[in-house]
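Peer 1: The primary structure of each chain is shown beneath.
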Amino acid sequence: MPSLPAGSWVPSVTPQDILYRGDSCTSQPLPVLPTQLSHFFVDHPEDAFGSLGKLLHQNFYLGDSKLRVSVHSGLPPCSGCPRKNLVPRLRWFSHLARDWLFEVPLGLLADCVHEDLLLQWASLLFDDSPTGGALAWLPPKDVGARTGRLVYPGGQAMNHLCILPHGVALRRGGGGREGVPYFVGVRSDYHCGVWRVPGRTGAAPTPLQVIRTSVPASCLTVSPHLPGELAVCTQSGAVYLWSVETGLQRLRHDPQTMFFRDHSPWRWSDFTAHPRVLSCADRTGLQCLDTRVSPGGCHFDLFKVGEEAGCQQGERVVLPMYLGRAYPSQHLVTTQFSVYVLDERLPLVPVLKWAHMMKAPPLFAHLTPGGPGRSHKVLLGASRTQELLLLQYRGEKRGALGPPCWGSQSACQLVGTPQKLHSVSSCLQHLPAQLPHRHRLLQQRLSAPAAGGCPAPPGGLGVLGRGQDVSWKVLVPEEAECPQEPSANPQPSPAAALRYRRWLKAFSKVCGQPPRHTRPPTFGQKRLFTRKELEEPSAPSALQGQARRWLRQAMRDGGCLQRWDPPPSALPEPPEPAEDPDPLSARLTASWCGDWDGWWEGRMSSSLAQRQRALRERRRRQKRARGRRSLSASFTSSLTYQSELSELSDPDTAPPPRREASPPLGTSPPAAATPPSPEEALLSSQSLRSRGIPKERRKTLRDYLAVWADGPPEPPELPGSQASQLCIPSSQSQLSSASQPRRKRPRMGF
Amino acid sequence: AQANEGLHTQLLKKHTQNKPAEKLLFFSFCSFMCLSYIQDAMLRKQWKRAAEFLTFYIESLEKDFSTEYMGAEILCHRFHNNMKEFSSFIEQMKTLGVKRYLKVSVCLEHAFHLLCNGQIDEAYQNLSLAESWRFGEQTAIQDKEMKLIQAYRGLLDYYSWSKQKNILLEHDLSVEQEMHGCFRKAAMNLKEIIKIPGVWDLFVKCYVDLLEFYGDYSEAREVLNEYAYNSKFPANPNAHVYLYQFLKRHGESKKSLLSALKILHDIVPSHELMIDFHIMLQKSKKRKKRRLGLEVIFAVLDYAGWKENVKAWSCLARQVKQIVISEKHLDWIKQEWDPRRDWWPAFHFSRYSAKRNWQENESLSYEKALVAGILLGKDSKYFKYVSHRGCKAQVKRFRILKKFLNKHNPVYLRLSGLSDSSVQP
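Sequence order for the protein chains is A and B.
Numbering-wise (the UniProt record's numbering), the first sequence opens with residue 1 and increments by one.
Numbering-wise (the UniProt record's numbering), the second sequence opens with residue 1 and increments by one.
Take these hints with a grain of salt, some might be off.
[Said to hold, decoys possible] Straight line, CA to CA, 27 Å or less: simulated DSS-like cross-link-like pairs of lysine-lysine: (1) Lys353/A / Lys205/B; (2) Lys353/A / Lys144/B; (3) Lys147/B / Lys353/A; (4) Lys307/B / Lys377/A; (5) Lys45/B / Lys353/A; (6) Lys353/A / Lys232/B; (7) Lys45/B / Lys377/A; (8) Lys359/A / Lys48/B; (9) Lys304/A / Lys195/B; (10) Lys377/A / Lys48/B; (11) Lys359/A / Lys45/B; (12) Lys304/A / Lys232/B; (13) Lys353/A / Lys195/B; (14) Lys48/B / Lys353/A; (15) Lys144/B / Lys304/A; (16) Lys304/A / Lys147/B.
[Unchecked claim] Interface residues of chain B toward chain A, partial, derived using beta-carbon atoms under 10 Å: (17) Leu43; (18) Gly198; (19) Val199; (20) Pro234; (21) Val268; (22) Pro269; (23) Ser270; (24) Asp302; (25) Trp306; (26) Lys307; (27) Trp337; (28) Arg340; (29) Asp342; (30) Phe347.
[To be verified] The following residues of chain B were derived to be distant from chain A, with all beta-carbon distances above 12 Å: (31) Ile120; (32) Met188; (33) Tyr217; (34) Glu219; (35) His250; (36) Ser253; (37) Leu292; (38) Ser314; (39) Ile325.
Worth flagging that the hints you see were computed from the coordinates, not collected in a lab.
For glycine and all other residues, C-beta sits at the position ideal for the given N, C-alpha and C.
Working from the sequences, and respecting the hints, build out all of it.
Peer 2: Following this line, the structure appears as structure tokens:
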């Protein structure tokens, strides 16, 4: 059960939400609570008392004053408790969940919450989902036309492409190709789509194809060589060449990292100078794969984190990029510490290395090729810290194809020093003074992590803040060879100031109407169950017909329906009485059989034995909890398991129907070698799906039934693979990867 | 932020003067902050601010690798006219950097900076000085770095040698003695570094040049062979290029030239020497070699960098045309074409590229149209567009091309395997 999803309508998770709410992340002991509270009351009286007062205000009648039903203070409702808007949502959530929440075993629930917290913590530390950036610039095709197009995800959940409604959350808009038209790749967690954007401005883009993956896709890049070709990577370590015409071709499937062991499931793929050779990256390095030979056949190492490239300890690949528009055989690789330029023809030895000195690893990069004889500009951007760095480099002469060598051709080198550009949040000081609460909102909005950036000529720069559809343009000075010292805080030009003010006006208009934004999206039945799942089967089976007849009969008679004789093959055997049933089920069973009195007697007499059993059970649970804590204490182990487990049962991706006219069907699990036993048949996802139970619920149900079938599940006693076959086609399981004996390569160095 | 900066530097100053053990943590925090301010100032090109922070930071140098580099960078920009000040700063850095590795890299950095400013003699002195330092026990890394310093000194020796060579060639024989001294020093130093596995293109080239000048061909050949074929060295296409150029200079047999290029073809099929390779293979009388020539030119054109290269396209067009006219070895073309059938049309022969090629380079579009006409038939988009345009513009060769293809159209049918319907014209 995940925590509430983060989006623009819920403040995104901060470290303070997960850690205790102290002043910093330092591990000081907690001060005494009363002292802390008294400080809080004095320092934040409005937060402490304001919300409650406001909530209760309408129910109080204070002396002679007139009774008012609705409360409208002079201040906008944004002031006061920032969590106030969450209250109705939480209430609504509890309303939704109260039917089933108590059924979920507490241990399991705690595990799930813990797991989700770990995931959220990991994504707070380093979130690689926006890798590659979600902003692309399509320059105009017509010569003379001055307006190009920006492609970016918009909407509250980043679920719109430009102004085109599309039902998935977007992660990345891939760039186009030099020809007409452009192909734009759009990646969300479980769906990848490709759009065709005609070269003419104003012509409507058309969606071409959508694929669905069972494991989140981590990469989607558009081929710079061939129209309608893309590279797709999933977190299970699969790399595909996706052609709109011929479909998917799997090039590799290896859940392990390439050069040494690393826990991250992140994979990346890009194109190279040869249209049939793809580069494929994980955190440990880059390889080039030839698509013309069988999977795993022909490849060579392009970059390896290690001594050859002079890497530091703990250095990892963050973002690779093909620099084909500048030099056909060069690649850019960024790590947390450095930027490397590599040449395919001289692999493993970087032709350029530069420590970028950015505080957060650069997650998106954009290349603007310079003309002949001019330097190429690379824009690096970090997400969380909004850093933007502009590098200029020059390599061998354009058109010359010899390897980088000295003499007639110049070596690859940086031109000038890299320059840091102003971040979006640094413009806050240039905005006119605001009311404190509005200032806070503004600050929050402006310091949202950047989701993408790209140079938008002439001399402009677009930066996309995540969660909001804000797009900024900053002028970049050409050739920063300025003799005078630029002041630390240059004043914005009048035009920019005017634009700031205009944006601010629009912003305050939007945040003046909080109700529209704070309304939660509703999770109706319609969303939980697809129409197909809710549909009645076309012809009711004989059993259903019989049951209906009985039901009608019973209703007519006003009696109760006692007998229920299902054919034995359709329904499972009544669960064998477990050797140690829990009191609730025993009591229910007894009362079902009408022997409740007897059960009560027996219970009274056997309370001593009961207590002993309970004690034993508790001890066992404690032991198990200890074991589990040690497993999931390391962050890494609980991060990798999801994709690893799910790929055991599901084929990775399903080739899609074109245009996805009908809702995609889930992939069917692989046929088992032996016919499944009735219980397993019941538990299989197919049978569950045929009963109209959605995927999210299947696991809960299966766990619940498993409790009935063979007592409390004990994960440590089952071998990992067997357990996964039994109970997971979906990607949710709390098994940790530590129980999987698949890692064979030892970790070496770095 | 500015107030913070001031505060941190004040604190740092205070603590560097008097560093009690219990404040070490706080000290390191301050120096970390200071480092980040320096980095920030550098990236914003605020050299004055960076230099101010650096003076505070300089005391806590010994830990950080990158500092001396940053220092050089900052001062290079801050005092770009004032070399004296720069040198005094560097000297200060050297005395501070107790550990030897630091000294060595400072020296190299300093030497590079001097070289950029054209002060070659000072750079040379600097390197010799660095070579003479001895501190503590020598480790393997130190040994390697020492070799690097020596190599760069050798490079400077080579530089002065080649200057004197030019004088000598102007019939001034007085420099001969001095020149020979330079040669010996340079050769000694360069020889050392190229024994270590690595990419030493620059040093190898200089060393070979020295040896060749004095007629020591066998040694030069050995060096180049070692550099190209020793498996301990990274696979370096340049090594094979140098070997090929050396062999060519000395008029070696065609066979050895071809074998050098064959290896280069295996490593980098997109190398620019592949055109030479193809032409040499074409001239050969052996069938096998001509077959290889076709393979080479097809492989070259697979790469995006060669897409619009007229020379490569005309090579391919010529060989394909020859084969078609002679009607022998059509299977060669078929074998090369089959794996490319599904992507070359979109990659090379789209309507869009026909349009662009025609606008930008007429002869390129002619060569490509010939190849497209043979491989894809006369109904292919590329050929149709270009020949239409060519005939309209009344260019003679396009009309001849059209006639040629009409005559040889059955070739296309044979290439496409007649029954093969997967081809998209």
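Peer 1: Against this structure, judge whether each hint is valid.
Peer 2: Hints versus structure:
As the CA atoms of lysine 353/A and lysine 205/B are separated by approximately 23 Å, the hinted pair is consistent with the 27 Å bound. For the hint pairing lysine 353/A with lysine 144/B, the CA-to-CA distance comes to about 20 Å; that is within 27 Å, so the pair holds. A distance of roughly 21 Å separates the Cα atoms of lysine 147/B and lysine 353/A; the hinted pair therefore holds under the 27 Å criterion. With a CA separation close to 24 Å, the supplied pair lysine 307/B and lysine 377/A stays within the 27 Å bound.
Annotation: proposed proximity of lysine 45/B to lysine 353/A holds, straight-line Cα distance about 20 Å (limit 27 Å). For a cut-off of 27 Å, the pair hint linking lysine 353/A to lysine 232/B stands: about 23 Å separates their Cα positions. With a C-alpha separation of about 17 Å, the suggested pair lysine 45/B and lysine 377/A falls inside the 27 Å cut-off, and the hint holds. Note on lysine 359/A and lysine 48/B: the hinted pairing holds, with a Cα-Cα distance of about 22 Å set against a maximum of 27 Å.
Taken as a hint, the lysine 304/A and lysine 195/B pair is honoured in the structure, with Cα atoms around 24 Å apart against an allowance of 27 Å. Proposed proximity of lysine 377/A and lysine 48/B is supported: the alpha carbons are some 25 Å apart, at most 27 Å. Taking the CA atoms of lysine 359/A and lysine 45/B, the gap is about 17 Å. The hint holds against a cut of 27 Å. Annotation: proposed proximity of lysine 304/A to lysine 232/B holds, straight-line Cα distance about 17 Å (limit 27 Å).
Pair hint lysine 353/A plus lysine 195/B holds up; C-alpha atoms about 24 Å apart against a cutoff of 27 Å. A distance of roughly 26 Å separates the Cα atoms of lysine 48/B and lysine 353/A; the hinted pair therefore holds under the 27 Å criterion. Distance restraint check for lysine 144/B and lysine 304/A: the Cα-Cα separation of roughly 22 Å lies within the 27 Å cut-off, and the hinted pair is therefore satisfied. Of the supplied pair hints, the one linking lysine 304/A and lysine 147/B holds, its CA atoms being roughly 25 Å apart against a limit of 27 Å.
With a least beta-carbon distance of about 4 Å to chain A, the hint placing leucine 43/B at the interface is held under the 10 Å criterion. Hint status for glycine 198/B: holds, given a least beta-carbon distance of 8 Å to chain A, under 10 Å. Satisfaction of the interface hint for valine 199/B is found here, the shortest Cβ-Cβ separation to chain A being roughly 5 Å, below the 10 Å cut-off. Among the interface hints, the one on proline 234/B holds; its C-beta lies about 6 Å from the nearest C-beta in chain A, closer than the 10 Å criterion.
For valine 268/B, the interface hint holds, the least distance from its beta-carbon to any beta-carbon of chain A being 5 Å, beneath 10 Å. The beta carbon of proline 269/B is positioned within 10 Å of a beta carbon in chain A (closest approach about 8 Å), and the interface hint is therefore held. Checking serine 270/B against chain A by beta carbon gives a least distance of about 6 Å; that is within 10 Å, so the hint holds. A distance limit of 10 Å between C-beta atoms decides the matter here; for aspartate 302/B the minimum to chain A is near 6 Å, and the interface restraint holds.
Interface restraint check for tryptophan 306/B: the shortest CB-CB distance to chain A comes to about 7 Å, inside 10 Å, so the restraint holds. Here the hint on lysine 307/B is kept, as its CB sits about 9 Å from the closest CB of chain A, short of 10 Å. The restraint placing tryptophan 337/B at the interface with chain A is violated, with a minimum CB-CB distance near 14 Å, outside the 10 Å limit. With 10 Å as the threshold, the beta carbon of arginine 340/B comes within range of chain A, its nearest partner Cβ sitting at about 9 Å, so the hint holds.
Interface restraint check: aspartate 342/B against chain A, minimum CB-CB distance 8 Å, threshold 10 Å, status holds. At a threshold of 10 Å, the smallest CB-CB gap from phenylalanine 347/B to chain A is about 6 Å, leaving the interface hint in force. Every CB of chain A is more than 12 Å from the CB of isoleucine 120/B (nearest about 17 Å), matching its label as outside the interface. Every CB of chain A lies more than 12 Å from the CB of methionine 188/B, the least distance being 21 Å, so the non-interface label holds.
The claim that tyrosine 217/B lies off the interface holds: its Cβ sits roughly 21 Å from the closest Cβ of chain A, which is beyond the 12 Å cut-off. At the 12 Å boundary, the C-beta of glutamate 219/B stays outside the reach of chain A, the nearest C-beta of that chain being 21 Å off. Distance to chain A confirms histidine 250/B as a non-interface residue, since its nearest Cβ pair spans about 19 Å, more than 12 Å. The beta carbon of serine 253/B sits about 24 Å from the closest Cβ of chain A, which is more than 12 Å, so the claim that it is off the interface holds.
The claim that leucine 292/B lies off the interface holds: its Cβ sits roughly 19 Å from the closest Cβ of chain A, which is beyond the 12 Å cut-off. With a cut of 12 Å on Cβ distances, serine 314/B stays outside the contact zone with chain A, its closest approach being about 17 Å. Here isoleucine 325/B stays apart from chain A, with its beta-carbon at least about 30 Å from theirs, past the 12 Å limit.
In summary, the one numbered hint that this structure violates is 27.
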